Amino acid sequence: MAGLNRLLVVVLLLLGCGNLWAADFIVIANPSVPAAKLTPDELSAIYLLRTSNWQDGMRIIPVNREVGSNARAVFSMRVFGQPQAALDAHWNRMHFKGMTPPLVQESDQAMLAFVQKVSGAIGYISASTELKNVKVLAEF
Numbered sequence: 078m079a080g081l082n083r084l085l086v087v088v089l090l091l092l093g094c095g096n097l098w099a100a101d102f103i104v105i106a107n108p109s110v111p112a113a114k115l116t117p118d119e120l121s122a123i124y125l126l127r128t129s130n131w132q133d134g135m136r137i138i139p140v141n142r143e144v145g146s147n148a149r150a151v152f153s154m155r156v157f158g159q160p161q162a163a164l165d166a167h168w169n170r171m172h173f174k175g176m177t178p179p180l181v182q183e184s185d186q187a188m189l190a191f192v193q194k195v196s197g198a199i200g201y202i203s204a205s206t207e208l209k210n211v212k213v214l215a216e217f
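Counting the sequence shown from 1 gives a position; my numbering is that position plus 77.
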């Protein structure tokens, strides 16, 4: 499986998706979230549904961008080191175990609005997005 993942990354790069590594994004959270910063390993645990609560016990609400978006592709490669297709398979397995996969928002503005309004929410947006009433937990 690892060889297939590497092959997929090479194919994506050859097809002109080399900008996956150049796109900057930030991980944002609702101001109610007690965390100040998150490491890639902590983000991975949250988005793989292995960590479901913040330190204070508040439920974590992870939010993804839509399938096929550059932001989701960048996030998947930088945080997990895998293409989003491999992660989608993981979330499908988790769904059949009764766990809800991360929610999805269709744009940076929709992600920002959702995270601003929902306690415990965490998401990611382009670093060029104007921030209002959110906490920045990581930058990539």
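Certain hints may be false.
[As the list claims (entries may be wrong)] List time: in silico DSS-like cross-link candidates among lysine-lysine, alpha-carbon distance up to 25 angstroms: (1) 174 with 114; (2) 194 with 174; (3) 209 with 114; (4) 209 with 194; (5) 114 with 194.
No wet-lab data here; the hints were simulated from the structure. Values in this document were obtained by computation on a predicted structure and should not be read as measured data.
Checked hints:
no.: 1; hint: 174 with 114; verdict: violated, 30 angstroms
no.: 2; hint: 194 with 174; verdict: violated, 28 angstroms
no.: 3; hint: 209 with 114; verdict: holds, 18 angstroms
no.: 4; hint: 209 with 194; verdict: holds, 11 angstroms
no.: 5; hint: 114 with 194; verdict: holds, 20 angstroms
The structure does not agree with the numbered hints 1 and 2 stated previously, though it agrees with the rest.
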